[in-house]
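Chains A and B, in that order, give the protein sequences.
With this note's numbering, the residue at position 165 of the first sequence is 165, and numbering never jumps.
With this note's numbering, the residue at position 386 of the second sequence is 386, and numbering never jumps.
Honestly, the hints are just simulated from the structure, not real lab data.
Because the structure is a prediction, the values reported are computed rather than measured.
Be careful, since some hints might not be right.
For chains that are exact copies, the list does not tell them apart, and a pair is met inside one copy or across any two.
The list that follows gives simulated cross-link-like pairs (lysine to aspartate or glutamate, EDC-like), each with its CA atoms no further than 16 angstroms apart [stated by the list, open to error]: (1) K332 <-> E237; (2) K367 <-> E163; (3) K216 <-> E340; (4) K367 <-> E289; (5) K332 <-> E92; (6) K458 <-> E379; (7) K332 <-> D25; (8) K332 <-> E443; (9) K367 <-> D25; (10) K367 <-> E126; (11) K458 <-> E163; (12) K458 <-> E427; (13) K332 <-> D109; (14) K458 <-> E21; (15) K458 <-> D121; (16) K216 <-> E163; (17) K34 <-> E305.
Protein chains: 2
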Amino acid sequence: MLPAIHLDPTSGAPLYRQLSEAIRDLIAVGRLEKGERLPATRELAGTLGLNRTTVSAAYALLESEGLVRGHVGRGSFVLGEGHTPGAGLNWEQLLPAPGLTVPAPATPDGISFSSSCPAEDLFPVEAFRRSCEEVLASPDASAVLQLGSPSGYAPLRHHLLDESRREGVVRPGDDLIVTNGCQQALDLIARVLVRPGDAVIVEDPVYPGLKNVLLKAGAQLVGVPAGVDGLDIEALERAAIRSRPRLIVTTPDFQNPTGGTLPAEARRAVLRIARLAGCVLVENDIYGELRYEGEAAPAIKEIDETGDTVLLRSFSKLTFPGLRVGWTIAPKALVARMAEAKQMADLHSDQLSQAVLLRFAVSGRLKEHRARILAAGAERLHAVLDACQRWLPAGTHFTRPQGGMNLWVRLPEPLDAGDLLARAQQEGVSYMPGRYFEVSRREPGALRLSFAALPPEKIRAGLTILGRVFSSELARARLERHEPAPAVV
Amino acid sequence: MLPAIHLDPTSGAPLYRQLSEAIRDLIAVGRLEKGERLPATRELAGTLGLNRTTVSAAYALLESEGLVRGHVGRGSFVLGEGHTPGAGLNWEQLLPAPGLTVPAPATPDGISFSSSCPAEDLFPVEAFRRSCEEVLASPDASAVLQLGSPSGYAPLRHHLLDESRREGVVRPGDDLIVTNGCQQALDLIARVLVRPGDAVIVEDPVYPGLKNVLLKAGAQLVGVPAGVDGLDIEALERAAIRSRPRLIVTTPDFQNPTGGTLPAEARRAVLRIARLAGCVLVENDIYGELRYEGEAAPAIKEIDETGDTVLLRSFSKLTFPGLRVGWTIAPKALVARMAEAKQMADLHSDQLSQAVLLRFAVSGRLKEHRARILAAGAERLHAVLDACQRWLPAGTHFTRPQGGMNLWVRLPEPLDAGDLLARAQQEGVSYMPGRYFEVSRREPGALRLSFAALPPEKIRAGLTILGRVFSSELARARLERHEPAPAVV
Chain A
1 MLPAIHLDPT
11 SGAPLYRQLS
21 EAIRDLIAVG
31 RLEKGERLPA
41 TRELAGTLGL
51 NRTTVSAAYA
61 LLESEGLVRG
71 HVGRGSFVLG
81 EGHTPGAGLN
91 WEQLLPAPGL
101 TVPAPATPDG
111 ISFSSSCPAE
121 DLFPVEAFRR
131 SCEEVLASPD
141 ASAVLQLGSP
151 SGYAPLRHHL
161 LDESRREGVV
171 RPGDDLIVTN
181 GCQQALDLIA
191 RVLVRPGDAV
201 IVEDPVYPGL
211 KNVLLKAGAQ
221 LVGVPAGVDG
231 LDIEALERAA
241 IRSRPRLIVT
251 TPDFQNPTGG
261 TLPAEARRAV
271 LRIARLAGCV
281 LVENDIYGEL
291 RYEGEAAPAI
301 KEIDETGDTV
311 LLRSFSKLTF
321 PGLRVGWTIA
331 PKALVARMAE
341 AKQMADLHSD
351 QLSQAVLLRF
361 AVSGRLKEHR
371 ARILAAGAER
381 LHAVLDACQR
391 WLPAGTHFTR
401 PQGGMNLWVR
411 LPEPLDAGDL
421 LARAQQEGVS
431 YMPGRYFEVS
441 RREPGALRLS
451 FAALPPEKIR
461 AGLTILGRVF
471 SSELARARLE
481 RHEPAPAVV
Chain B
1 MLPAIHLDPT
11 SGAPLYRQLS
21 EAIRDLIAVG
31 RLEKGERLPA
41 TRELAGTLGL
51 NRTTVSAAYA
61 LLESEGLVRG
71 HVGRGSFVLG
81 EGHTPGAGLN
91 WEQLLPAPGL
101 TVPAPATPDG
111 ISFSSSCPAE
121 DLFPVEAFRR
131 SCEEVLASPD
141 ASAVLQLGSP
151 SGYAPLRHHL
161 LDESRREGVV
171 RPGDDLIVTN
181 GCQQALDLIA
191 RVLVRPGDAV
201 IVEDPVYPGL
211 KNVLLKAGAQ
221 LVGVPAGVDG
231 LDIEALERAA
241 IRSRPRLIVT
251 TPDFQNPTGG
261 TLPAEARRAV
271 LRIARLAGCV
281 LVENDIYGEL
291 RYEGEAAPAI
301 KEIDETGDTV
311 LLRSFSKLTF
321 PGLRVGWTIA
331 PKALVARMAE
341 AKQMADLHSD
351 QLSQAVLLRF
361 AVSGRLKEHR
371 ARILAAGAER
381 LHAVLDACQR
391 WLPAGTHFTR
401 PQGGMNLWVR
411 LPEPLDAGDL
421 LARAQQEGVS
431 YMPGRYFEVS
441 RREPGALRLS
451 FAALPPEKIR
461 AGLTILGRVF
471 SSELARARLE
481 RHEPAPAVV
């Protein structure tokens, strides 16, 4: 028999819902056990002075939740499923579905074109060690180790603001916040500005870190085709009118994954479109300093008279990605809200790395390192372009960036870069298939080659192998295509 | 006259909405200018072959959006407000309202009881410097500076797992993820587990960092009264039955702000209640190592046979809060989803600090430092308790914690700790008024005193001043209360 149940007809909650909740509580605390039979609807309706349909509705609700099961002619029984009180949790049921798994990196002795990061063999460890030593020997050491500010370590903020003012990318109404790399800047912007359902325009293809953080914030992603010259401006204009975006996020220099760079004139067009649409323009300038050849175009932030462009930068691509230090320059009101969100996210960025990178910069060591990185990058870029030309099968297209870390390869049909990855990995070479970067355009033949972390000889060796894998598959596929079709039965 | 407008009766979108969107686009791109008159509804209905009420509905929608305004007898005019195409953005309109401002810290020569952080004067800078030197001289230096894993720096993860296994807080199904302090662990848990509208049970009062991150995730906070013995277990049981929580978050040792500690028996009760309710229990064990006196109770994680408890820990309170390194031990499925969320949030935690703190720990320097911190903490705890007893006005109540960094003071009525802060700050002393910690109980007389960062002489000096400010206000208020009431007119 059921323990006493009290419902409140004046509470505003429907009676069937009050009743189902009361029974759910009795199951949760173990007063109704698994296998126990609930009273017949007519009987319970009589006891509680309810209409019988109210009791039926409550039982139906419990059944829909998997807590009871009705058997025709026998009544309803407690299942106690969903959660068995006192037992362990069913984590798979509690948690959201997992995301897309990124391919495993190559084996240690393999060749990985998978990661858009700088070359470990070029890390100036000794210069970094000296910077660290100087910070910890200085009178500021204790303050560095103490609780800091969500906006960032003040001496680093001031240094970055001064440098950026000299460059012309800081307006009088701007401020700067230090983030854990550009990834966190995007996350904070999404938390502050993106509401579920908001349209956000991004390049298509675009790197998964950007796509995922916006999707998680509930954005509707609108992909605008991007190639070696960056965003397709006409498509951007149409998308901006049609989708009324909240944000446009673009990487104008050496975009990840295409390596594309937006020409100066197109930057003005992007700015004009963002202004007409009244949306926020985020300029993700993470690769801008890594130009190995050609002329730089001005940052969009620099040519924006309104000052509204949100500029993202980072030390991660030029120096050490293991240290998570990036920054955002944007109008004060936005920076203030990002600092609030940052305080909730993780209080503030690690101060040791902020202080050591500041020392690394002001000591002149960053400048020396940059010169070495640019020389090595130029060599690696030429190596990868030459090797693509030489080893990839005829009919392959690839972008020819002037800097950065990535290029975008389109294999001839019917090759599928995702399908071929396993074979390449068996031969010790890995890359990122295009599907990780898709927004709305499917490109099964596409893949990203990240070349900056590999010395030229490894680049050549890796592409020789990839060329062999792709060419042999292409030959096989073409042969198959010419086989007569099997009989239809 | 309006440019041509094309509506699609087959699109499924209501015609009035299609029409209003078309006009909105014309305003956005400047084809309809500010001040321009829209066609009369009858006229436009005729042109487009629509019902006149459809046109009226479209105009009403535009008016509700502030884009046009209707004048009786004169027609509707373009306002072009909301966003003026081509002009700068209205950031205050785009951004959410700012949060509660935290009181400014005391002046540099003042005495601040406001921050729950360790004493800077006790930082072992030299031992830290040696640890840093050793890491950067080791063959691992380059790997530390290179891109890392969202789960954390592997050698640190393994060290922490080994230590925690020895302590008995790791179950076979558990894993560990490194976070930017416990604050980020809470943020990742909220992202993964909390859906808008979910009830989450927290202690009342509780520190703002915990409250805000859960509220931002859309949680309905359910406060359960907590005092020097931690959570009120009966109230917790009632709240768990009534609110069907998704999470219970508790700080069982030296809770912030009360300093309260949950006795061993109550820990078992919390576990039982969480298991009955089928919700996730988060044990925020950030202060547990800072016990200055008395016997430690086992961690809830240790006595949880199911292994479901989620244990949060950090280096920030024992060592250097400027380095953001904490960790979570929890069932593998949860840790895997937290790592996904971490990758979106900021890729991974700073590796330099992870590697140096690992070296600081395995070199034995952490143990030495802990001994000094515990000795100093005991001295400071006694100083603050003695000074509260001696200087705060009669009728004041305060918790008597056995460790941690905070105690909770309740001033006698009618004192309001929030109102009195400005006077205390004028005299060079700051603290955090109770309102920053409220969940549902208002306690105007309450305040938090964070004592661990201050040497005993500053604690005594600060409380002498606070005692004077509070006592003089109390005398004034009591005098006023005895004045005859003014005439009612």
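Verification of the supplied hints:
1. K332 <-> E237: neither (28 angstroms within a copy, 46 angstroms between copies)
2. K367 <-> E163: Cα proximity of K367 and E163: one copy only (13 angstroms, versus 42 angstroms across).
3. K216 <-> E340: between (19 angstroms within a copy, 11 angstroms between copies)
4. K367 <-> E289: For K367 and E289, the Cα distance is within 16 angstroms only inside one copy (11 angstroms; across copies 44 angstroms).
5. K332 <-> E92: between (42 angstroms within a copy, 10 angstroms between copies)
6. K458 <-> E379: within (12 angstroms within a copy, 61 angstroms between copies)
7. K332 <-> D25: neither (50 angstroms within a copy, 29 angstroms between copies)
8. K332 <-> E443: Answer is neither: 40 angstroms inside a copy and 34 angstroms across each miss the 16 angstroms cutoff.
9. K367 <-> D25: neither (66 angstroms within a copy, 48 angstroms between copies)
10. K367 <-> E126: So K367 and E126 pass the 16 angstroms test inside one copy only (15 angstroms; across, 29 angstroms).
11. K458 <-> E163: neither (36 angstroms within a copy, 40 angstroms between copies)
12. K458 <-> E427: within (14 angstroms within a copy, 67 angstroms between copies)
13. K332 <-> D109: neither (48 angstroms within a copy, 29 angstroms between copies)
14. K458 <-> E21: So K458 and E21 fail the 16 angstroms test inside a copy (65 angstroms) and across (55 angstroms) alike.
15. K458 <-> D121: This pair counts as within: shortest intra-copy Cα distance 13 angstroms, inter-copy 51 angstroms.
16. K216 <-> E163: neither (34 angstroms within a copy, 35 angstroms between copies)
17. K34 <-> E305: neither (69 angstroms within a copy, 22 angstroms between copies)
Consistency with the previously given hints fails for numbers 1, 7, 8, 9, 11, 13, 14, 16, 17, ordered from lowest to highest.
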